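Engineer: Spelled out from the first residue to the last, the chains are:
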Amino acid sequence: MKKISALDDLKKAGDKGWKSLFPGGVKILVGMATSGIASGAGEVYAALAAEIKKRKLPYVLAKTGSMGMDCIEPLVDIIEKDKPRLSYGKMTAGKVPDLIDQIIKGTIDKIKPVYRIDEENLIATRDKNHYTKGNVPEYLKEIPGINEVPFYKKQIKIATRNCGIIDPENMEEYIARGGYLALQKVLTSMTPESVIEDVIKSGLRGRGGGGFPAGVKWQSCRSAHGDIKYVICNGDEGDPGAYMDRSVMEGDPHSVIEGMIIGAYAIGAQEGYIYVRNEYPLAVTNLTKAISDARSRGLLGKNIFGTSFSFDIKISKGAGAFVCGESTALMASLEGKAGEPRAKYIHTVEHGLWDRPSNLNNVETWANVPVVISRGGKWFSEIGVPHSTGTKVFSLVGKINNIGLVEVPMGIPLKDIIYDIGGGIPGGRKFKAVQTGGPSGGCIPAKMMDLSVDFDALREAGSMMGSGGMIVMDEKTCMVDLARYFIEFLVSESCGKCTPCREGVRRMNDILHDICAGRGREGDVEILESMAKGIVDGSLCALGGSAPNPVLSTIKYFREEYDAHIKDKKCPAGVCRALIRYEITAKKCTGCGVCAKKCPTGCISGEKKKAHKINRKKCIKCGICMESCKFDAITVE
Amino acid sequence: MVNFIIDGKKISAAEGTMILEAARANSISIPTLCAHETVSRSGACRLCVVEVKKGKRAKIVTSCLYPVEEGIIVETKNERVMNVRRLVLQLLMARCPESEVICELAKEIGIETQPRFIPDKDKGKCILCRSCVRVCEEIVGVSAIGFSCRGADKTIGPPFNEDSAVCIGCGACAYVCPTGHIQMEATEDTRKIWGRTFKMKKCDVCGRYFAPEDQLKYISKKTGVPLKELAICTNCR
Amino acid sequence: MKKATTIEAKVKEIVKKHGRDKSSLIAVLQDIQEEYNYLPKEALLAVGEQMEVPSSRVYEVATFYNTFSLNPRGRYLVEVCAGTACHVQGSFNLMDRLKRDLEIECGETTKDNMFTLEEVRCLGCCSLAPVVRIGGNIHPYLTQDEIPRILRNYRKQG
Chain A
2 MKKISALDDL
12 KKAGDKGWKS
22 LFPGGVKILV
32 GMATSGIASG
42 AGEVYAALAA
52 EIKKRKLPYV
62 LAKTGSMGMD
72 CIEPLVDIIE
82 KDKPRLSYGK
92 MTAGKVPDLI
102 DQIIKGTIDK
112 IKPVYRIDEE
122 NLIATRDKNH
132 YTKGNVPEYL
142 KEIPGINEVP
152 FYKKQIKIAT
162 RNCGIIDPEN
172 MEEYIARGGY
182 LALQKVLTSM
192 TPESVIEDVI
202 KSGLRGRGGG
212 GFPAGVKWQS
222 CRSAHGDIKY
232 VICNGDEGDP
242 GAYMDRSVME
252 GDPHSVIEGM
262 IIGAYAIGAQ
272 EGYIYVRNEY
282 PLAVTNLTKA
292 ISDARSRGLL
302 GKNIFGTSFS
312 FDIKISKGAG
322 AFVCGESTAL
332 MASLEGKAGE
342 PRAKYIHTVE
352 HGLWDRPSNL
362 NNVETWANVP
372 VVISRGGKWF
382 SEIGVPHSTG
392 TKVFSLVGKI
402 NNIGLVEVPM
412 GIPLKDIIYD
422 IGGGIPGGRK
432 FKAVQTGGPS
442 GGCIPAKMMD
452 LSVDFDALRE
462 AGSMMGSGGM
472 IVMDEKTCMV
482 DLARYFIEFL
492 VSESCGKCTP
502 CREGVRRMND
512 ILHDICAGRG
522 REGDVEILES
532 MAKGIVDGSL
542 CALGGSAPNP
552 VLSTIKYFRE
562 EYDAHIKDKK
572 CPAGVCRALI
582 RYEITAKKCT
592 GCGVCAKKCP
602 TGCISGEKKK
612 AHKINRKKCI
622 KCGICMESCK
632 FDAITVE
Chain B
731 MVNFIIDGKK
741 ISAAEGTMIL
751 EAARANSISI
761 PTLCAHETVS
771 RSGACRLCVV
781 EVKKGKRAKI
791 VTSCLYPVEE
801 GIIVETKNER
811 VMNVRRLVLQ
821 LLMARCPESE
831 VICELAKEIG
841 IETQPRFIPD
851 KDKGKCILCR
861 SCVRVCEEIV
871 GVSAIGFSCR
881 GADKTIGPPF
891 NEDSAVCIGC
901 GACAYVCPTG
911 HIQMEATEDT
921 RKIWGRTFKM
931 KKCDVCGRYF
941 APEDQLKYIS
951 KKTGVPLKEL
961 AICTNCR
Chain C
291 MKKATTIEAK
301 VKEIVKKHGR
311 DKSSLIAVLQ
321 DIQEEYNYLP
331 KEALLAVGEQ
341 MEVPSSRVYE
351 VATFYNTFSL
361 NPRGRYLVEV
371 CAGTACHVQG
381 SFNLMDRLKR
391 DLEIECGETT
401 KDNMFTLEEV
411 RCLGCCSLAP
421 VVRIGGNIHP
431 YLTQDEIPRI
441 LRNYRKQG
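Residue numbers (the numbering used here), protein chains in the order written: chain A, 2 to 638; chain B, 731 to 967; chain C, 291 to 448.
Certain hints may be false.
To be verified - Label pairs and their in silico Cβ distance ranges:
id, chain 1, residue 1, chain 2, residue 2, range
1, B, Asp737, A, Asp421, 49 to 59 Å
2, C, Tyr431, A, Arg520, 45 to 55 Å
3, A, Arg582, B, Asp737, 55 to 65 Å
4, B, Asp737, A, Lys290, 23 to 33 Å
5, B, Gly871, A, Gly227, 45 to 55 Å
What the hints assert, rightly or not - Once the Cα atoms are required to be at most 16 Å apart in a straight line, the calculated EDC-like pairs of lysine to aspartate or glutamate come out as:
id, chain 1, residue 1, chain 2, residue 2
6, A, Lys622, C, Glu342
7, A, Lys315, C, Glu436
8, A, Lys338, B, Glu867
9, A, Lys599, C, Glu436
10, A, Lys631, C, Asp386
11, A, Lys338, C, Glu342
12, A, Lys599, C, Asp386
13, A, Lys534, B, Glu838
14, B, Lys807, B, Glu838
15, C, Lys312, A, Glu628
Derived from the structure by calculation, the hints contain no laboratory data.
Please read all numbers here as calculations on a predicted model, not as lab measurements.
Glycine included, every Cβ here is placed at the ideal spot set by N, Cα and C.
Produce the complete structure using the sequences and hints provided.
Structural biologist: Here you go:
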């Protein structure tokens with residue numbers, strides 16, 4: 002492969018990438034991120050390949066990552082010259098022949114696209130790519146444009162700019178959309194100091210949890226003594242309910258790599274590490290390929306862009322430990338040790354990996370860097386709100402209609418995310434709370450819907466940004482059970498080094514288990530609160546220091562649910578098994594017998610076409626009867 | 731020299747001194763369990779926490795690991811500190827109900843057990859302070875013992891919970907153990923530790939059994955001193 | 291005895307691939323686990339010897355991380371996602387159903403060595419909650435109802 006050593010080489014590679022993005026004829030693009038594959042994208046892709054072969058069509062079939070709207074996957078996009086790009090949701094192998102027919106005939110009579118894309122922004126270069134040059138064919142006018150789809154309307158894509166658009170395995174497609182231009186600019190016309198200055202100006206804060214200003218961290222690492230320095234990418238996305246980093250690593254690995262090279266230049270590092278969760282095999286595969294491609298084109302390794310700057314990246318696979326999201330634990334793991342944090346009185350920017358100055362940022366932070374540089378810190382700082390600039394990617398999951406990844410400007414009101422983008426709560430149920438920040442975060446109740454979603458407002462509300470998981474909960478979610486869930490998670494993820502976290506969190510777990518099992522005692526909530534304070538103050542690392550947050554925030558906003566469990570021995574949401582029972586409403590029961598057939602313990606009986614009964618002694622409260630009843634005859638109390 | 735205040739007392743100490751040492755040198759006592767003078771510090775037990783005020787910011791730190799800084803105001807016994815210390819001791823009492831050391835310490839500071847915690851029966855007197863692991867690695871140099879698992883399941887012992895092939899029976903781990911969890915059983919000519927029995931060597935001069943044979947072999951190998959020269963106990967040398 | 295020598299040879303090959311530097315320990319163990327489906331004791335001892343890392347440290351790392359298993363696992367690893375999105379969608383009911391149908395507890399392997407049941411901390415497929423991963427395949431939007439059929443299919447595949 003020819004090395005890229007000048008702007009001209011980059012342009013040539015970009016031109017090739019552009020031809021690959023838009024080959025001219027018909028191009029069919031299948032979303033093949035992990036969630037797409039799990040929804041059946043693999044079968045759809047195979048069916049498309051077979052159909053194209055069978056009919057001997059000159060179509061190009063390609064893979065891409067995820068655009069974010071996971072609830073309509075598998076997603077297939079059709080790109081044709083001078084036509085809007087069309088996105089077909091919930092595709093199946095069975096629909097493939099019809100889809101191909103439609104492309105040939107130029108119709109949309111059998112399967113309707115979810116939306117069309119007339120033009121798209123190339124955020125890194127400020128260009129626009131016009132699919133249609135303004136001429137939308139008559140038959141496609143009924144299809145909403147992507148910007149009219151509520152899910153996408155309020156989004157601004159910076160970190161996820163290429164996800165679901167490019168083939169993550171194709172470096173030239175990344176370059177075609179402005180990739181590596183920032184790196185070229187940095188290496189050929191900027192000093193390390195001016196790079197740092199621009200990043201500071203942008204106000205970019207770490208997207209991994211703490212929200213520390215990235216430029217300031219880079220500055221400290223640059224000033225730290227030592228010839229050998231490291232940059233590290235934290236891809237150990239451990240927060241349950243968050244998967245934006247997976248999406249970026251799978252869908253746009255070069256954005257992370259480019260960000261890291263820029264960071265390394267600014268800091269003066271020669272080596273970089275990407276620490277990826279072992280649970281993300283596709284991310285590992287795509288990053289590995291991207292690194293090797295970048296190396297073979299001279300963008301990693303010695304004398305990048307023909308300059309004196311040399312830098313390379315290694316991938317390290319995590320082995321399953323939430324605590325390794327903590328920087329010192331992650332570094333211990335990189336050194337081949339058990340992932341135990343150490344006291345951070347001496348910062349990792351001075352003494353980090355192998356005791357050398359190390360700068361760690363997470364995937365999303367790194368992916369933002371190239372755009373910060375190419376558009377300038379000032380441009381970035383004008384997005385969002387003061388002190389929380391730019392955008393943030395959230396995984397909007399749980400009890401919400403439009404499930405997926407969304408990238409929104411910081412400071413957006415919470416209700417815009419839940420109702421406009423998320424489309425509200427399914428089944429007409431009541432919205433209760435949203436959990437942000439994973440096990441270190443907390444719950445924000447429905448009454449705080451106007452809250453500005455930014456680092457500081459979330460913290461003031463008793464939660465935190467974390468890595469961006471947003472788990473929506475409705476009236477059927479028990480907040481005490483949720484607190485117990487997070488604490489139980491932390492019990493099994495505590496490294497066990499310091500006493501407050503190892504012993505304290507498990508004692509909190511015991512008490513919460515008691516409460517959920519109907520053995521709660523008066524005064525338990527006060528004991529939990531007092532323990533929480535000691536654990537927050539006394540723990541060695543941030544995992545322990547934030548462990549009590551889910552308990553504190555649920556006590557703060559949902560105290561009455563704790564009281565119901567402790568005093569009345571009732572679970573208002575109908576979740577805690579020891580406190581609930583299933584009932585059949587005789588009037589509604591048609592005696593269809595479905596529930597009796599499905600009940601794993603055979604505790605439901607009754608004559609055909611007559612109301613059935615539940616034998617409580619045998620009932621294990623699995624809830625399958627209620628799930629399977631078509632007549633709403635079974636309720637939980 | 732660095733100047734600062736602990737519990738209202740003006741103190742100066744050399745740069746790099748930990749708050750714990752600076753306090754002790756000025757007769758201010760701070761309780762500790764895991765800070766042993768022979769091994770490096772981990773900050774695991776959290777008993778030695780103090781509050782450090784720097785300008786407007788006040789944070790809880792472990793005094794055994796926090797180097798003194800110019801102008802800081804340290805409080806070793808305020809309510810916030812005592813709340814952590816109380817919790818740590820209550821948790822350790824629940825973990826190791828039979829540990830006299832912990833009970834004594836709690837009594838001294840005036841802390842009672844938390845009745846809501848059900849005492850453990852399976853943890854012995856081990857508080858996972860890791861002094862034993864560190865002494866075995868840093869001083870003895872054999873790393874015969876280490877951790878297994880994590881979180882509440884974490885335990886200390888030889889790998890695979892079997893007799894260690896590299897243990898020399900020196901007993902340094904038992905010596906540094908603050909709670910007496912690590913037991914060493916001795917007869918006249920044997921010593922049993924971590925489940926393995928070691929044969930003791932008789933002093934060539936006085937005939938007293940004085941050290942495990944494996945330990946002498948290890949020292950000989952490491953220092954190059956012939957085994958024969960090591961066969962005399964320290965009293966007779 | 292024959293088994294031990296082959297394990298030793300395999301470990302040698304893996305250590306050679308990653309290098310003997312201590313920082314490769316986790317990668318070496320990952321490859322060993324990939325090869326044997328678990329970490330055999332002989333392999334751990336061999337790793338210590340070849341990489342010059344004390345056995346106690348190898349054992350420490352092998353027992354610290356979730357992905358490692360010191361016991362043989364079944365042909366299919368059944369991983370119930372316990373991420374928050376899956377939890378609020380009732381993944382605990384799936385776990386209970388799997389325990390009942392497989393007649394094992396979480397962390398155990400069925401008598402026929404077909405399935406090992408484990409809980410995993412978020413597979414990052416929150417949009418498809420609740421999910422269970424079996425033998426590397428993700429089963430999205432899973433209901434208790436579908437479990438017997440899915441298990442039957444895997445059993446049929448052998």
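Engineer: Given a hinted range of 23 to 33 Å, is it respected by the beta-carbon distance of B/Asp737 and A/Lys290?
Structural biologist: Violated: the Cβ-Cβ distance is about 60 Å, outside 23 to 33 Å.
Engineer: Run the distance test for A/Lys534 versus B/Glu838: straight-line Cα separation, threshold 16 Å.
Structural biologist: Since the Cα atoms of A/Lys534 and B/Glu838 sit roughly 23 Å apart, the hinted pair is violated (cutoff 16 Å).
Engineer: Kindly confirm whether 49 to 59 Å is satisfied by the beta carbon distance between B/Asp737 and A/Asp421.
Structural biologist: For A/Asp421 against B/Asp737, whose Cβ atoms are near 56 Å apart, the range 49 to 59 Å holds.
Engineer: Hint check: A/Lys622 vs C/Glu342, CA-CA at most 16 Å. Holds or violated?
Structural biologist: violated, 53 Å
Engineer: Between B/Lys807 and B/Glu838, does the CA-CA distance stay at or below 16 Å?
Structural biologist: holds, 13 Å
Engineer: Can you confirm whether the C-alpha distance between A/Lys599 and C/Asp386 stays at or below 16 Å?
Structural biologist: holds, 15 Å
Engineer: Given the proposed pairing of A/Lys599 with C/Glu436, does the C-alpha separation stay at or below 16 Å?
Structural biologist: holds, 11 Å
Engineer: When you check the alpha-carbon spacing of C/Lys312 and A/Glu628, does it fall within 16 Å?
Structural biologist: violated, 52 Å
Engineer: Quick one: are A/Arg582 and B/Asp737 within 55 to 65 Å, going by C-beta?
Structural biologist: holds, 58 Å
Engineer: Quick one: are B/Gly871 and A/Gly227 within 45 to 55 Å, going by C-beta?
Structural biologist: violated, 28 Å
Engineer: Holds or violated: the 45 to 55 Å window for the beta-carbon distance between C/Tyr431 and A/Arg520?
Structural biologist: violated, 34 Å
Engineer: Measure nothing beyond the straight line between the CA atoms of A/Lys338 and C/Glu342; if it is 16 Å or shorter, mark the hint as holding.
Structural biologist: holds, 14 Å
Consistency note: the structure conflicts with the earlier hints numbered 2, 4, 5, 6, 7, 10, 13 and 15.
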